[in-house]
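The primary structure of each chain is shown beneath.
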Amino acid sequence: MEQRKPILPPRWATRLLSWYCKPELFEDLQGDLMEYFHRNVSTKGTLRAKSIYVVDVFKFFRLYTIRKPEILHLLINWIMLGSYIKTSGRNIARNKLFSIINIVGLAISMSVGLVLISVISDSFSYDRFNVHHANIYRILTRYEYLGNKDNNYMATTSLKVARMVKEEFSAPQEVAVFHRGYDGDFKVNEKIVPLKGMWANDAVLRVFTIEMIKGNPEKALNEPFSIVLTDETERKLFGSEESLGKVVFLRDKSYTVTGVVRKMPQFSHVKFDVLGSLSTRAILEKDNRQEESWDNVWSTWVYLLLPERADLKALKASLDELSRREDPTVKNTHIELKLQAMDNIMTGENLGNEIGPVLGSSILWVFTGLAFVVILSACFNYTNLSIARSLKRTREVGVRKVIGAMKSHVISQFVVEAIVISLCSFVLAWLLFILLTPYLISTGPGLDKLLTMELSPLLIVYFILFAVFIGAIAGFFPALFFASVKPAQVLKNLQTLRVFRKLTLRKMLIVIQYCISIMLVTSTLIMYRQYKHYISFDLGFQTENVLNITLNGNKPEILRKEFSEVPEVSAISQSSMVTSIGNYWGTNMKYHANPLDSAGVNFNMIDENYIPLFGIKLLSGRNFQSRPDSAKETEVIVNEQVLKRFNIAGGDPLKAIDDVIIVDGKEMKIIGVIKDFFYGRANDRDQQREVVLRNVPSKAEIMSIKITTPDVISTYAKLESVWKKIDSVHPFEAKFYSEQIEKGFDGLIAAVKMVGFLAFLTVSIASMGMLGMVVFTTETRLKEISIRKVMGASERALLYLLSKGFIILLAIAAGISLPITAIVFEQVAFRELANHAPLSFGDMFWGVFTIFVLALLMIGSQTIKIARTNPAEVLKAE
Amino acid sequence: MKGTNLGEFEELVLLTIAAMVEDAYSVAICDDLEKRTGRSVKLGVVHAVLNRLEEKGMAKSKLGEATHQRGGKRKRYYTITNAGKSSLLKAKELRDQYWSIIPPLSLKRI
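Quick note, the sequences are listed as chains B and L, same order.
Residue numbers are given in the numbering used here: position 120 of the first sequence equals residue 120, and the series is strictly consecutive.
Residue numbers are given in the numbering used here: position 5 of the second sequence equals residue 5, and the series is strictly consecutive.
Honestly, the hints are just simulated from the structure, not real lab data.
All values derive from a computational prediction rather than experimental measurement.
Using N, Cα and C, we set each Cβ at its ideal position, and we do this for glycine too.
Be careful, since some hints might not be right.
So the derived label-pair ranges between C-beta atoms look like this [claimed, not checked]:
no., chain 1, residue 1, chain 2, residue 2, range
1, L, Asp23, B, Phe61, 55 to 61 Å
2, B, Leu491, L, His68, 26 to 32 Å
3, B, Ile85, L, Arg74, 38 to 44 Å
4, L, His68, B, Ile85, 46 to 52 Å
5, B, Arg48, L, Arg74, 23 to 29 Å
6, B, Arg868, L, His68, 57 to 63 Å
7, B, Thr43, L, His68, 19 to 25 Å
If we take Cβ atoms under 10 Å as the criterion, some of the chain L residues that face chain B in the derived model are [what the hints assert, rightly or not]:
no., residue
8, Ala19
9, Gly44
10, Gln69
Starting from the given sequences, assemble the full structure and let the hints guide the process.
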């Protein structure tokens, strides 16, 4: 327009009109509305006029104005489908490089999508085998001590809650209760089999869909000292003999087999080898006052079977009421209860004290987010390359349009083409998926137990739909672009078409891709640096060449004697636990100067060899001395933090010797003070833990062996054969200390692997996109380059000219992504991580450097090729 | 073929088309009707009636020249057909017949 535009009615309304209105009626109808609109603008004001216009547009939606569905057009699309597929094939074959870039790029991202789909489908098929799965709810508990609201909900609750709910609540039809700890070495005749199981009440067999092979489901778990086996356990214990009515021993108590059930399916969040009747505990724990106390919320899982469409709000209200009533029975404690649907257990919030391994929503979200990034990146590529290639294809579109193709036909042609490409990549993605799954499953600890990633027919359908969907998404924008091509313009003179108008968009896409790549690569390096930092962290004692062996109930004396005969063993010590790998044992302690101040301290029970073996530094006093198991526990070694916390001898290690403290209700003399060490874990938030070392050799669970040989493998084998001689039942559970520390950071290394893998994907996709762009720009500038060369430009100058633009893009990407990465780590990730290594700029530099090298290779290889072409050949052809 | 009977509003619209001869297009018809009848006439209604009249074959339309008004959109001009004329005449005759048989007294008191 030559002058300022007059006021116009809302465009969307006009669009709507043109969409529904018959084309032959549209023009004058819209004209009429416009005339009214202008009249209204001058009499009633712009706003009123606009609203009247919109209302009128809707009012004209009448039978006689509506466009009839164009069945013919739809039909044409179907008829043309074959032709579209044929041209797609030809196009793919003609531009081999671009097609390969597109197919490989999409395949890589699609394989991630496939993994995501299978993970989601796996996690949503959990627990669905239960007939009543939609009506089963679990009671969750939040434990609040002294008004400390920090704790999260746990999957467990107390036995008391279970009993109260069963006795007083009318809504639940059944209350199923599991209780931790029915596991250990089960004995039948002379056979000993270690098994894992739980205490369970009789309702368990009714609430969950558990197939009873032998025995009466109504009675199997009623009587005390009953045991129900799974079919697998029955085979282990009894072989092919009849098991029903036989007796099994656990910890010198006898249990009668009252039933055999089918092993729980893979997709059950509850799994067990055996179930013991919960009524047994009423007898075993008769004198344990803690058993049914309100705050014993750590070991019981309660599942309610509710009727269809139960009133959950009312139930929650009754649970709150229960808490209000029972809270006063325990000092300073508030117990908050709530319900969780069983269908949400696998995919819902991450809770403490789960009954078994659970995926949790956070990992699913992370998965989804990352898959989304990768797929988006590949779609970018497709869009980018298709539009870049458009110069060569606009003429084709022009001819099509002249012959009579409508916008929708052009769109469907290009979408079909994208779908064909995406189906090609789908085949490749499938192969990648099959190769990738074992790797991915092994990254997360326990993932292999959680997910099967098996392919069901339904999943395959999902996969193919997914491929089509990706194709449609990737092809839509190029399709829109081509559809808007004006045939007359294209056919008259190709040069006038402003393809490069979209250049800023494409540049932006490249910058975004490289930003993501740089962020992921540097994050991987930074996280790996943290991992290295933690596993080589100075914990305050020596862990090299120490093998920790789980005793599994064996007598330490015998083992010690046998092990010490192995020549490579230099020292042996016993302890109740392995410190610094995330285990915490706690007890109460008091100091006589302030008898009211009782506080929790962490402890480990060790023998006299422990401190020298680990090289723990004694600041003052002496080590423990060997003493018989029967002697009373009278001596204790504490760390500096204990002295500080209880203000013993003003924190002076020398003066604290021979002072007396009360640990676990017993008076004990401090005989030594050790330097603080990391009791919990290297990334422990609470670094200053009060640690008490106690001398109770009889409580030993772990035997630590120091080895003095570089050949650890053969020594390990020797030790294992010694173990086999003494204990034929339990496997030799020995781990090097360094291994255990590494295992403590499994989560971190899994994250490193995952992010690293994604970094690899995004970098390869971005590089391919870059390659495509470079090829395109250099080819379109061939003539220009040749002329420049003829005029005397040097190869180096040409190289600079061609790659300058891309290098600027890379620099922008680095400039955006590095500060973001730094800020994310400094402000978010590192806040959660105690004792982390500082952010190393070296890591960031190397991350960017590798990506730059890759990109420069991509740019360089193409530009050199162009810069070296003989200008005469190019110009001759024109 | 739909009936040749005219509704009251249809008749008015058709009369307007006939009266305006060359300039009968939707908005103008609307304005004219509003002016003469004194009631508010909605464009949507007029449009529907015009469409119906065309379907019945009583009016025909053609698009005019594009102008700078109306956002460059062309007007659709309506003209009356012979069928239209004859039904108007028929309607008028019918009324005249009735008027002729009404005794003058019965209308006086209104």
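Results for each hint:
For L:Asp23 and B:Phe61, the hinted distance range of 55 to 61 Å is not satisfied, since their beta carbons lie about 28 Å from each other. Range check, B:Leu491 to L:His68: Cβ separation about 31 Å, and the 26 to 32 Å hint holds. Hint check: B:Ile85 to L:Arg74, Cβ distance near 42 Å, so the stated range 38 to 44 Å holds. At roughly 48 Å, the beta-carbon separation of L:His68 and B:Ile85 lies within the given 46 to 52 Å, and the hint holds.
The given range of 23 to 29 Å is respected by B:Arg48 and L:Arg74, whose C-beta atoms sit roughly 27 Å from each other. Separated by about 59 Å at the C-beta atoms, B:Arg868 and L:His68 satisfy the suggested range of 57 to 63 Å. A hinted range of 19 to 25 Å for the beta carbons of B:Thr43 and L:His68 is consistent with their spacing of about 21 Å. The beta carbon of L:Ala19 comes no nearer than 20 Å to any beta carbon in chain B, farther than 10 Å, and the hint placing it at the interface is violated.
With a least beta-carbon distance of about 5 Å to chain B, the hint placing L:Gly44 at the interface is held under the 10 Å criterion. The interface hint given for L:Gln69 holds, since its Cβ lies 7 Å from the closest Cβ of chain B, which is under the 10 Å cut-off.
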